[in-house]
Every structure is written in structure tokens, then in C-alpha cells.
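Enquirer: Letter by letter, the chains look like this.
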Amino acid sequence: MDVVLSLRRILNRFKKTDFVEILKTWNFINIDDLYASIDFQRNTKTTIVSRITEICREKNIRPYHVAQLDLIYQQKNPNCKNWTVFKLSQTSDKNGKQETAEYSVLEDSLRQQLAVFFRHDLDSRPQGESLWFRLHIHGIGVQVSTSDVIYMVYHPHSSYIITSAIKVTYKDYVLQAVLTSLKCTQLKELQLRGKNLKSLADMTLYQQCQGSFSQYRLNQADCNPLGRKKTIKRKDSSPDALRSRLTYENLQDKKARICKTEETFGTSQQPTLERLTFQLKTRFRGQHHIPAMVGHHSPIHCTVKFEGHSVIEGIKHLGTCGLASLPLPSHLANVHSLAKNTISLAEKS
Amino acid sequence: MAMDRSHMALSQVTPQVTSNLQQQTRSTPWLARRHTPYTKTPKSRRLTCKATRRIPRTARSRTVTSRVNELVGKTWRVYSVSPLHSFTSTRSHLRNYSRHLSAYLEAERHKGGIAVDVQSEFGEKASFNLMHGIALTEEDAEAIEITVRSRSQNGSKDGKIVFTGILCSVEYDGVNIDKENFVALPVFLVKGTAAVTRHVIAWLKIQFDCRINMMRFPPMELAWMVSMWSGLISDDENSDVAVVRFPSLELMYSVPEEVKGLKSITMTVKAGDAKLLWDSVHDQDSDDFTEEEMESFILGLEAHFFAHFKINLAAMTLCRITSSAAFIGAEGRVKILSEKHVHQVLRHFAKLVTESRDRKSVV
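Quick mapping for you: the protein sequence lines, in order, are chains A and B. According to numbering that gives the first Met the number 0, the first sequence is numbered sequentially starting from 0. According to numbering that gives the first Met the number 0, the second sequence is numbered sequentially starting from 0.
Warning: the hint list may mix true and false statements.
Said to hold, decoys possible - Where chain B lies over chain A, by a calculated footprint (3+ residues, C-beta under 8 Å): (1) 243-252; (2) 293-307.
Claimed, not checked - For lysine-lysine, the following BS3-like pairs were computed, each having C-alpha atoms within a straight-line distance of at most 30 Å: (3) K339(A) / K110(B); (4) K347(A) / K269(B); (5) K253(A) / K229(A); (6) K280(A) / K110(B); (7) K110(B) / K178(B); (8) K170(A) / K304(A); (9) K259(B) / K253(A); (10) K190(B) / K280(A); (11) K269(B) / K339(A); (12) K259(B) / K197(A); (13) K269(B) / K187(A); (14) K339(A) / K259(B); (15) K259(B) / K75(A).
Honestly, the hints are just simulated from the structure, not real lab data. This one's a predicted model, so the numbers in the text were calculated from it and none came from an experiment. The beta carbon of each residue, even a glycine, is placed where N, CA and C say it ideally should be.
Between the sequences and the hints, there should be enough to build the whole structure, so can you do that?
Expert: Shown next, in the form of C-alpha cells:
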């Protein structure tokens, strides 16, 4: 595995404008030395990358440094990968025995457990309240393929871990190692997948305070007592106000809908999910249009998929735009608190 | 005793009574629709083709193999073609057309800076062939396949195919066509690069004095197609194994722009349940599928969705359907899923071409 080749590949992923900041965070090369030979504004990206690789080669760069740079890149662009969420749980007789939140201890114990199964490289880097792991499993052959590198994000003291895609052959072993190193007894894969890492983390960690309760978490409930309120109302000179002939016929209706939507979803941004799937196994409800189905009580199997760049926001807007009749059913209205991508609906027995 | 709806008080018209009324009253033979000539959706549509097997024309054609299965499993773009003037399908004429088209493509390549096909450096070679097995009745013209291959460096070896187009006709009722001078091949299935497609279509328009338009499927047509073809799983195939293999009924609705964040809603019904719904809607003895049956099918599915999600699907646009016969997209893409359904799908497209032509002549 050529260290310099993988370094060049990672450097090529960055944007030209980010190089100065990244190099300062990485702290492997002294940035002042670089200013002599590279003009970050004028030179092309290829020139900058080749100059940096040259300097790193002279300094004898190790795989550990390349891994740190890779983690910096992933932390900066977390929304490129498909993430899956796992829930860890302990049996009740282990109460009171909290695992440590010390990052180095966690990394060492995970490395020990993984060493049982494969030859690997494990690196970690903290970001805010979470700890990122980069696990590179040495496959057969010299080539490094992207499927051999797994990223895991763990919030210490929480019972959730978020991972990127793991190859099927490695999955059981990696999860077993994670389980043992974090001293838990069970690990369950949640039906929650997505691209936006922050939203997935929010949905699982703050599951109980989404929707209208998010105003308390985001400190929007109390107004600033020292803030000044504008008492003088300025004249509304927007073009709509000037055209006094334009009125909304159903202004009351619109306001009522917006009010109801804010009660269920809250006013802040909803967590981002790209896809939401419902599996329906209920009896047919369109008998008004198909009278011949009146006698049938057997369930109809349906799958409904909502897709978009932010599905929960879209569902919130469906109510305000009038395409859905409010109040929305609970499995749609509470989707922000369910922490699930795939939901099954069956007949109430 | 036919009850006249206008004499009943408003409070008496309950849902149960209304459905009874719809079945009993046909006081006038004309629909209120007669006053809207612009969108004349037909009252009913044929489900199956009239001729179920190919009638051989000459003794020679009995040995020719049917190439219908080449249409299956590929995504085609559909165009509608007006009747072609002075088109003959003898071997010598087809060879002439191939030479003309190749020369035209060569001229286009030399003309502008934009190459006909960016990858081919040595130009393209076109060929016209007869394609057997698609035309059904005596009146249908034999299907023509147009292939454009990029020329490779070694002159004898054929390069890769950059364009395939199939002009075909299945049960096309060309009532007003002058049979001597015109040949009707109304459906053009195209698969190829954008540049080559544009040039081939331009050449066809010039050579045969015809009009070629991309066929787009509005939501109404998609609704017709999905309702008609959902029942195509025959009983002997309706075992559990077959149900897994056959694609289920799928409707994809695109959400309007003002709803930010949500792009599409897809509803998929398992094949066996779709067949059950279709059987309860359709009159088993009849070969025609009526407008009321289509409406009940679609409205039934939308009502089932509404009962679970309180979202009005009718307010959104149907943009793609999947049935056991084919995948159809609103922008004119089609992928036929099995050999058995090729003729039905093509027959339906030929019918749509006729209807749009009639609509244009009325307006």
C-alpha cells in the first residue's frame, strides 16, 4: 500500500479554498514553510497537491498521518456516505458500571478486540461530543478499496453507534468487536439509514425532544428579557401591500393550518431523511369506489415510499400547502420522534 | 323505474343511493363530456389484440424467426410517426435507404464542428432491415429496424451500435390513408445517443415527408395503462413463486414544487393483491375496459392511500407506472417486461397515435 498514493488521493478530494485551514488542523507540516513555495491563491490544485505530497514524502509520512487527514476530510463532509445506526444495550445486572469516556482507552480496547479477527489499522479523532473511528481492514492484495475502510461515530455514554457501510464478510466480526470493547451485551441494527449524519445523531440521541419540544432543546422557549422590543411599527411598503386589491379568500384557513402544523412539527428545522418507507398490511379502504371489495377482509400488501432531499420537511409542508388534510395521522405526524426509516402498519386486532 | 336525480331532495342523495343511481339511470345516451372536444378520452378501450397469432403472408415467411424478444427488457424512447410517403420495403430499396442515411450522417459530420457521435472517429454506417414478428394483421406493414454502427478502424469489423430504431405498426386502423403512396408505421421505438437520434429523425422527416414527435404520456394515459394491464397475470401463473417474480403494480407521483423537500411518493401493491383489485373492478366476460372501471380502480387505490396518510394523491401528478406488462414513464420511456405483452403494448401505442391524430384533425 503506497502511503504517498493514498495521501495524494485524499488531498485531491479537498477543495482548493480549504487547503490552508486543513493543513493547520492536520498539523503535520508547518504552514509557514509552505508559503515560500506554494501560492494557495494562484497555483492550480494539481500543483498544490503535488508540492504537498513532495514535502510529506521528504518528511517520511506514516500511514497514521494519512488516516488522520482522511478523518479530517470525512468530518468535514459527513453527508457523502450512507450511515446506519446501531443500538447497544446492556443486561440489567451490569447497572452502575459505566464504561469510560476516555478516548484513548476506548480506542485501545477496540483495537484489542479487532486484532482477534483481522489485521487492521484503527485511528480515531474526536469531533465535538463524538468520537470518530477509522477502521481499515487489510484485505488480500495491495490495492486499498473504499469498501475496506469503515467509519464509526460513537457518542460516549450514549447507547448508539453510527457506522458507514460494512462489507457483509466483515460485518459480524466488526460488530462483535465493538460490542465487547464497549462492554455491552446486545447490539441491534435500527431501521434508520440516511446520508445526513447530524440528523441521524439528533434523531437517536434526542428522540424525546423532537417536533414541538425542540423549542426547549434549542433554547427558543424563553425570550431574552434584556432584549428590546420594537414598539414603533414601520409602514409596510412591500409590493404586495401596495396592491390592495389582492386578498386571500381563505386567510383564516391558512392560518389555522400553519398553527396546527407548528403544534405537531415545531418551528425549527426538521431532521433530514432522504427516504421514508411504510409497509402496509391492512384491509382495503377504498370500498366506496370498488363496491365488490366490501366483503374482503384479507389484508392488501402495499409499500409506500416518500423520497426527497428532506422528507420530513416535505411532509410538514404538505399540510400547509393543502395537499394533506390536517390533522395528519400519528405515524406521519410523529415521524421525527420515531427514529425509523421503515415503518410497518398493520390492522389493529 | 328509472329515478331522475334532479327530482330528489339534497338530503335524500346519500352515498349508497348515489351508487345505485349511477347504475340505473342512463336517461340520455350522451355524456356531458360531448361539449369538450379537446380531451376526448375514449369511453372504453380494448384489452387484447384482435389477431392473436401472426397470419403468414407468403410461404417464405413461415421459416423466418420472430424477433419480438429483442424488444423486451430494454428501455425505449417512443415517438409517433405520421404515414411515410413512398416508402417501399423491398431489399433493394432498403439498401438504398441505408446508403442515403450513411451519406447523410457523413455529411453532417463534415458540416458542423459537432460530431454526430463523439466517440467514433471514422463515421457511422446505417442499415435498414426488416424485423419479423411484430406486425400482426394483414394490413400492418412489416416492422423496419434501423441500426447505426460506428465505423471501426478495421473496415471489415463492425463497430458498436450507437443507435437502434424500430418503426412498427400493430393493428393500426389507418382509415384515411392512401394505401398506394403511404405506408403507416406509427410507432417508432428508439434507443441511442442524442445526437445520432436527432440526425436520423431529421433524415426520416426529409426523406419520407412525415412528422415525428416524441410521445409523452400525460397522467390520464398512464392511469389507463396501469388499470388495463394490472390484470395481466393469468391464473395458472398466480402461484406464490410467480407472484414474487412478477413485478407488482407501482404508481409514482411527483410532488408539486411548492412542497419543498419531498420529491416523489411511490405506492407499490403486491402483484396478487393488484390482480384481486382488478378482478373486482373489471367485468370478466368483456374484452373492453371501460372508463368507469378505470376510474374506480385508480380512485380506489387513492382512497386506500388517503385512509392511511390523509394525503390527497389526486392532487399530485402521476409520472411513472409499473405494471406486469411494462414500465412506462411520463416523458415517453417504456420498458416492456415480457414477450407475451409486446403486442398489447405496441397496439395500445398505435391506438394513442390514432387518437392524437384524430384530436388534431377535430381542433
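Enquirer: So, for every hint listed, does it hold in this structure?
Expert: Consistency of the hints with the structure:
For the segment 243-252 of chain A, the stated coverage by chain B is not satisfied: 0 residues place a CB nearer than 8 Å to a CB of that chain, which falls below the threshold of 3. Given as covered by chain B, the segment 293-307 of chain A passes the check, having 10 residues with a CB less than 8 Å from a CB of that chain where 3 are the minimum. The straight-line distance between the Cα atoms of K339(A) and K110(B) is roughly 58 Å, outside the 30 Å bound, and the hint therefore fails. The hinted pair formed by K347(A) and K269(B) meets the criterion: a straight-line CA distance of about 21 Å does not exceed 30 Å.
Annotation: proposed proximity of K253(A) to K229(A) holds, straight-line Cα distance about 27 Å (limit 30 Å). Taking the CA atoms of K280(A) and K110(B), the gap is about 62 Å. The hint is violated against a cut of 30 Å. Between K110(B) and K178(B), the direct Cα distance comes to roughly 37 Å. Violation of the 30 Å bound is thereby established for this hinted pair. Straight-line distance between C-alpha atoms of K170(A) and K304(A) comes to about 27 Å, which keeps the hinted pair within the 30 Å bound.
Taken as a hint, the K259(B) and K253(A) pair is honoured in the structure, with Cα atoms around 17 Å apart against an allowance of 30 Å. Under the criterion of a C-alpha separation no larger than 30 Å, the hint pairing K190(B) with K280(A) is inconsistent with the structure, at around 39 Å. With a C-alpha separation of about 23 Å, the suggested pairing of K269(B) with K339(A) holds against the 30 Å cut-off. The suggested pairing of K259(B) with K197(A) holds, with an alpha-carbon distance near 20 Å, which does not exceed 30 Å.
Restraint check: the Cα-Cα separation between K269(B) and K187(A) comes to about 29 Å, which is no more than 30 Å; the hinted pair holds. In summary, the hint linking K339(A) to K259(B) is supported, as the alpha carbons are separated by about 21 Å, within the 30 Å threshold. Between K259(B) and K75(A), the direct Cα distance comes to roughly 26 Å. Compliance with the 30 Å bound is thereby established for this hinted pair.
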